[in-house]
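If you read the protein sequences in the order shown, they are chains A and B.
Quick note on my numbering: the first sequence kicks off at 586 and runs consecutively.
Quick note on my numbering: the second sequence kicks off at 586 and runs consecutively.
Treat the hints with care, since some could be wrong.
Put simply, identical chains are the same to the list, so a pair is met inside one copy or across any two.
[Claimed, not checked] DSS-like, lysine-lysine: derived pairs with alpha carbons at most 25 Å apart: (1) K700 - K670; (2) K809 - K741; (3) K678 - K787; (4) K678 - K694; (5) K636 - K603; (6) K809 - K871; (7) K826 - K698; (8) K700 - K678; (9) K694 - K845; (10) K678 - K758.
For the record, the hints were derived by calculation from the structure and aren't laboratory data.
Remember, it's a predicted structure, so these values are computed and weren't measured experimentally.
2 protein chains.
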Amino acid sequence: MSFEVTILGCGAALPTSKRKPTSQFVNCNERFILIDCGEGTQNQLRKYGIKFQRINHILISHLHGDHFFGLIGLLSTMHLLGRDKGLTIYGPKELEQIIRIQLEVGGSKIGFKIKFVVLDNPEGGILFEDNLIEIRYFPMRHRIPTNGFRIQEKPKERSIIGEEMKANNISLKAIPFFRQGLDFTDENGQIHFADEYSIASKTPKSYGYCSDTSYFEPIIPHIKNVDVLYHEATFLEAMSKRAKETFHSTAKQAAEIAVKAGVKKLLLGHLSARYESNEAHEAEAKTIFENTEVVEDGMTYLVR
Amino acid sequence: MSFEVTILGCGAALPTSKRKPTSQFVNCNERFILIDCGEGTQNQLRKYGIKFQRINHILISHLHGDHFFGLIGLLSTMHLLGRDKGLTIYGPKELEQIIRIQLEVGGSKIGFKIKFVVLDNPEGGILFEDNLIEIRYFPMRHRIPTNGFRIQEKPKERSIIGEEMKANNISLKAIPFFRQGLDFTDENGQIHFADEYSIASKTPKSYGYCSDTSYFEPIIPHIKNVDVLYHEATFLEAMSKRAKETFHSTAKQAAEIAVKAGVKKLLLGHLSARYESNEAHEAEAKTIFENTEVVEDGMTYLVR
Chain A
586 MSFEVTILGC GAALPTSKRK PTSQFVNCNE RFILIDCGEG TQNQLRKYGI
636 KFQRINHILI SHLHGDHFFG LIGLLSTMHL LGRDKGLTIY GPKELEQIIR
686 IQLEVGGSKI GFKIKFVVLD NPEGGILFED NLIEIRYFPM RHRIPTNGFR
736 IQEKPKERSI IGEEMKANNI SLKAIPFFRQ GLDFTDENGQ IHFADEYSIA
786 SKTPKSYGYC SDTSYFEPII PHIKNVDVLY HEATFLEAMS KRAKETFHST
836 AKQAAEIAVK AGVKKLLLGH LSARYESNEA HEAEAKTIFE NTEVVEDGMT
886 YLVR
Chain B
586 MSFEVTILGC GAALPTSKRK PTSQFVNCNE RFILIDCGEG TQNQLRKYGI
636 KFQRINHILI SHLHGDHFFG LIGLLSTMHL LGRDKGLTIY GPKELEQIIR
686 IQLEVGGSKI GFKIKFVVLD NPEGGILFED NLIEIRYFPM RHRIPTNGFR
736 IQEKPKERSI IGEEMKANNI SLKAIPFFRQ GLDFTDENGQ IHFADEYSIA
786 SKTPKSYGYC SDTSYFEPII PHIKNVDVLY HEATFLEAMS KRAKETFHST
836 AKQAAEIAVK AGVKKLLLGH LSARYESNEA HEAEAKTIFE NTEVVEDGMT
886 YLVR
């Protein structure tokens with residue numbers, strides 16, 4: 586099962602030729618999720634060879650243009666390419682109206698069902714789950730209501746060692762118990778140990794997405810122990826005043842959040858257009874948290 | 586004085602990596618005009634090195650997404666780059682609401698004045714004029730209300746041959762007459778001929794833009810004798826039925842319009858994504874009108 590994040594755009598409000606507006610494509614156990622959808626996202630998907638009809642869930646963190654202006658174009662293109670499979674869009678409540686009005690004026694009928702799910706619980710919550718994954722949202726602190734996201738695999742059942750069971754003539758009735766890690770007592774009162782007939786699956790992995798937000802400790806429980814955290818770092822610490830005023834973070838602050846949340850790897854993005862290179866951000870964050878990388882458009886990061 | 590058209594995008598509803606959604610940048614006598622603004626137009630302006638703060642007029646032909654989804658992003662970026670100079674946007678009446686609602690939800694204040702001018706006169710008319718240029722619009726035939734545009738230089742006054750006037754001791758009072766091509770009779774009743782003291786300026790040039798439309802002869806008077814005509818050619822004649830159904834044109838039809846309007850040069854664009862190369866369109870149109878060229882993103886065409 587794959588779990589990986591492709592950066593489609595990692596720029597801030599003002600895009601540059603190197604850093605397009607925010608969007609990420611996440612494949613979590615073959616569930617295909619788009620997080621945010623800045624202008625030109627459909628173009629980036631095309632450029633990096635991602636089939637966008639696979640996307641079933643689109644999460645929009647907030648309604649600043651660099652996070653959603655590309656949504657209407659993507660939906661139109663999905664329609665023109667003949668999509669008939671439904672799509673769910675999760676985001677602020679005004680989003681549906683904005684999309685519907687633009688389709689109406691063009692006299693366009695979208696040939697697939699779009700379901701809008703409003704994310705406005707101040708406590709956050711689960712926005713999607715199935716047998717394999719779970720996606721949660723949680724409020725951050727920005728100029729307008731903004732959510733972060735946590736995508737995680739569900740704990741998997743243990744794998745059965747079929748040959749071992751057969752060799753020892755263990756009843757098939759034991760399987761559900763072994764899968765849960767429970768020992769099994771047969772009709773003769775004999776105990777068979779789960780450890781001997783099954784092996785633990787890989788630990789479930791998790792990904793946290795926090796853009797845009799100022800330094801905001803209440804997000805920590807929501808991203809606790811994620812394997813990979815993407816946190817915005819619009820500024821360097823030298824501009825911490827500006828970061829505070831605009832409700833953004835510095836590279837150092839992102840690293841502090843990573844340490845306090847006990848994450849394994851930190852990805853930084855959403856760098857202001859004033860920073861041409863990534864080096865200063867990476868260096869600043871690494872003084873606090875070593876396993877840091879500044880992302881680039883087109884790169885794919887494994888969650889492991 | 587320059588008069589040139591840069592193609593920022595010449596694709597149809599479904600953009601490709603080679604042909605972006607519709608947008609053109611026109612410099613007519615240092616008046617800077619953007620015609621249509623598909624998704625990613627700001628990116629194309631950047632790519633081709635066009636300073637977009639110079640743009641003072643944005644003309645939107647109609648409200649299909651491939652002609653205006655990039656407008657909101659362009660306005661946001663103009664604001665972020667510190668624009669304070671006003672901007673006028675000409676288009677269908679619903680456009681203002683679509684733009685305003687998107688700015689509102691983001692809590693964004695645009696730091697410059699935007700004036701919306703609704704183009705809904707079924708006769709068309711002049712949408713802008715000053716001492717040097719004039720821009721007209723006219724309805725075409727498409728699935729939703731759609732306008733074409735004609736941008737033209739105003740006739741220029743004749744240039745005065747100063748040395749000749751001085752040598753013959755002609756009164757400065759004669760200048761306004763000579764500029765208009767009128768002869769001047771002095772206080773002694775002597776006639777001085779305009780031809781001898783002034784020369785005619787270059788003939789005013791004109792550019793016509795027709796996208797999107799089905800074959801529609803009523804546009805002909807509006808684009809009569811333009812030096813350069815851009816006309817959509819979404820399909821080839823083999824798909825004329827599909828062209829009719831979707832209110833688009835074929836390359837042959839565009840060429841027929843060019844002939845009937847007596848234009849000097851024909852540019853074809855808005856090719857359906859199904860056509861990878863330009864050759865068939867060019868060949869088809871040339872059987873009717875030789876001076877035809879299929880445009881490409883990034884190319885600049887002189888109006889002369």
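Practice prompt. At 25 Å max between alpha carbons, let me know whether K809 reaches K871 within a copy, between copies, both or neither.
Written response: Within. Shortest intra-copy distance 19 Å satisfies the 25 Å Cα cut-off; inter-copy 66 Å does not.
Worksheet entry | Within, between, both or neither, where K678 and K694 count as close if Cα-Cα is 25 Å or less | Result: close both inside a copy and across copies, 21 Å intra and 20 Å inter.
Practice prompt. Since the copies are identical, ignore which copy is meant and state whether K678 and K787 lie within 25 Å (CA to CA) inside a copy, between copies, both or neither.
Written response: For K678 and K787, the Cα distance exceeds 25 Å both inside one copy (37 Å) and across copies (57 Å).
Discussion item. Regarding K826 and K698, is the shortest C-alpha distance of 25 Å or less found within a copy, between copies, in both, or in neither?
Written reply: neither (45 Å within a copy, 29 Å between copies)
Practice prompt. Please work out whether the CA atoms of K694 and K845 approach to 25 Å or closer within one copy, between two copies, in both situations, or in neither?
Written response: Neither way: K694 and K845 sit 48 Å apart in one copy and 36 Å across, limit 25 Å.
Worksheet item: How would you classify K809 and K741 at a CA-CA limit of 25 Å: within, between, both, or neither?
Response: within (20 Å within a copy, 72 Å between copies)
Worksheet item: 25 Å Cα cut-off: does K636 pair with K603 within a copy, between copies, both or neither?
Response: Answer is both: 22 Å inside a copy and 18 Å across each meet the 25 Å cutoff.
Discussion item. Within a copy, between copies, both or neither: which one fits K678 and K758 at a CA-CA cutoff of 25 Å?
Written reply: For K678 and K758, the Cα distance exceeds 25 Å both inside one copy (49 Å) and across copies (70 Å).
Worksheet item: Is the C-alpha distance from K700 to K670 at most 25 Å within one copy, between copies, in both cases, or in neither?
Response: The answer is within: 11 Å in one copy meets 25 Å, while 41 Å across copies does not.
Discussion item. One pair to classify: K700 and K678, alpha carbons no more than 25 Å apart. Within, between, both, or neither?
Written reply: within (12 Å within a copy, 28 Å between copies)
Hint compliance for this structure: hints 3, 7, 9 and 10 are not met, and every other hint is.
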